[in-house]
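2 protein chains.
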Amino acid sequence: MYTESIEMVEVAPRDGLQNEKTMISTADKIALVERAIAAGARRIEVTSFVNPKAVPQMADAEAVCAGLPRRDDVTYIGLVMNARGAARAIETGRIDQLGAVSVATDTFAKANQGQTSDGSVAAASEIIAMARQAGKTGQVTIAAAFGCPFEGEVSEDRVVAMAEALAQANPVEIGLADTIGVANPAHVATLVARVRAAVPAIPVRVHFHNTRGTGLANVWAAIGAGAVTVDAAIGGLGGCPFAPGAAGNVSTEDVVYMLERAGVRTGLDLAALVAANHWLGSVMDRTLPGMVAKAPPFPRPAQA
Amino acid sequence: MYTESIEMVEVAPRDGLQNEKTMISTADKIALVERAIAAGARRIEVTSFVNPKAVPQMADAEAVCAGLPRRDDVTYIGLVMNARGAARAIETGRIDQLGAVSVATDTFAKANQGQTSDGSVAAASEIIAMARQAGKTGQVTIAAAFGCPFEGEVSEDRVVAMAEALAQANPVEIGLADTIGVANPAHVATLVARVRAAVPAIPVRVHFHNTRGTGLANVWAAIGAGAVTVDAAIGGLGGCPFAPGAAGNVSTEDVVYMLERAGVRTGLDLAALVAANHWLGSVMDRTLPGMVAKAPPFPRPAQA
Chain U
2 MYTESIEMVE VAPRDGLQNE KTMISTADKI ALVERAIAAG ARRIEVTSFV NPKAVPQMAD
62 AEAVCAGLPR RDDVTYIGLV MNARGAARAI ETGRIDQLGA VSVATDTFAK ANQGQTSDGS
122 VAAASEIIAM ARQAGKTGQV TIAAAFGCPF EGEVSEDRVV AMAEALAQAN PVEIGLADTI
182 GVANPAHVAT LVARVRAAVP AIPVRVHFHN TRGTGLANVW AAIGAGAVTV DAAIGGLGGC
242 PFAPGAAGNV STEDVVYMLE RAGVRTGLDL AALVAANHWL GSVMDRTLPG MVAKAPPFPR
302 PAQA
Chain W
2 MYTESIEMVE VAPRDGLQNE KTMISTADKI ALVERAIAAG ARRIEVTSFV NPKAVPQMAD
62 AEAVCAGLPR RDDVTYIGLV MNARGAARAI ETGRIDQLGA VSVATDTFAK ANQGQTSDGS
122 VAAASEIIAM ARQAGKTGQV TIAAAFGCPF EGEVSEDRVV AMAEALAQAN PVEIGLADTI
182 GVANPAHVAT LVARVRAAVP AIPVRVHFHN TRGTGLANVW AAIGAGAVTV DAAIGGLGGC
242 PFAPGAAGNV STEDVVYMLE RAGVRTGLDL AALVAANHWL GSVMDRTLPG MVAKAPPFPR
302 PAQA
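So the sequences go chain by chain: U and W. To get the numbering used here, take the position in the first sequence, counting from 1, and add 1. To get the numbering used here, take the position in the second sequence, counting from 1, and add 1.
Note that these hints are calculated values from the structure, not bench results. Misleading hints may appear alongside valid ones.
Pairs involving identical chains hold if they fit within one copy or between any two copies, as the list cannot separate such chains.
Below are the DSBU-like pairs computed for lysine-lysine, each with C-alpha atoms no more than 35 Å apart in a straight line [said to hold, decoys possible]: (1) K295 / K22; (2) K295 / K111; (3) K137 / K295; (4) K111 / K137; (5) K22 / K54; (6) K111 / K22; (7) K137 / K54.
Make the full structure from the sequences, and use the hints.
What follows is the structure in structure tokens.
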């Protein structure tokens, strides 16, 4: 039933840091990317190109890009919301992939991007086209796919219809995001399967927050339903400034612990991730939400 | 694939409190049981009858029992490790079901109960027989079924063989416990299915700790494999004093949130559980690990 390996995207540098009150330096952001690469990460969401007044944590996007390690084997993703952001990302010369966002409800789309849900589909389609024209790749994430902080339940039909509309723009991937951490594994399994059936040529990525403790259960269900890529943040950092109560992303090290022990290869090194958690916690001056980094290693050598 | 309903056992009064540094009063323990019942709990592990020098948190077992609400519709479980404990539990006249413990590895069995793994199977069988003779029911939990803090990996064959041996004593249920929180959902699905196949007449209960963030994923996998009862503790309290690093049980309110939203009925009321979490946190004077109680309610009424 389960795949032998999945791909992970490290999102701590963007989604992880975006909602933290503690602003960290550009140098520390670059160090975080370097630690992720050292731990095995090969796709990393490094920053977003958005209005610095709305998201001051990402105001140094160009400076972060200028300091990224030059690695042919790493895909750097920049999150963009519109054509202006896409142009900025392309202009850096360091972003390999543009990540667009479409939002499943009008109310959340207006709060997040100042447009309707359909408008966010159109914007994402334009971004994907711009990426391709610039010789980059473009992908899109459907935000609030499992529930909206303003409107409540989100219909699966709506998300499937969005995936079909977005597929017209030929993204290299469609992501389904539980932006506010309300998903349950039954819903996840159903929606991932429906999107796969609707757009079978396009790989499905998933993005979960552990706001209500269900993050890893949702990861497991998504993989079982055919998702091939999982977003996660070192330390379980992150949230969304426009989603009240949203807690951290699923923790990269917790996801890797679960999957590697379950026989699903991630390409990541758990000990290096735990060390990165501890380092990042010292930078942020707090204990991060991830659980594995607080627990003793297992299995350990026999002591009896 | 998934059942429409499952049974939950509230274990906060015993496994939840047993490893807490904060000793709470007998009156507060009884109030915790009352709150669990008010939230819908109908099986509750109320205390253990063990050496008070080893587990001082449970030294008031008889006093807790004397104060339990008289409810014909609630099954009160007392945890016992040997015949002496079983006699104490029966003597109270208030314990409906004895819960025995067998340990999957010799090293852990010696640390936990001063005997071998086989010795713990024999002791559990004796306890189950004593329960039946006293007109009560007896069940057993296989501890460290998914990993041992001393020996590391535990073979599935060993756990299945223990289940077969324990089945000779006719327990009303066999529990599989991830005592130290190292299980992954693939292992859980396989072991639950193997035990069910080995002893098809005996219902399987599962008991997970969220030490490494995988607790709810394991609950979901266990139910998918046919487990019909899930242990959980309000607030995610708990651990084991003999298992280094063991963090809390899965949180009752987090499990209920996940299952009820997934369409699996638990018989429990989420709002009452969240209130119980907040009350218990005030008693313990700390924020408890459960996540749902820290998050805003969802779904909420439309606000747009």
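Taking the hints in turn, this is what the structure says about them:
no. : hint        : result
1   : K295 / K22  : both (22 Å within a copy, 18 Å between copies)
2   : K295 / K111 : between (39 Å within a copy, 26 Å between copies)
3   : K137 / K295 : neither (39 Å within a copy, 41 Å between copies)
4   : K111 / K137 : within (28 Å within a copy, 61 Å between copies)
5   : K22 / K54   : within (15 Å within a copy, 46 Å between copies)
6   : K111 / K22  : within (23 Å within a copy, 48 Å between copies)
7   : K137 / K54  : within (27 Å within a copy, 67 Å between copies)
In this structure, the one hint that does not hold is number 3.
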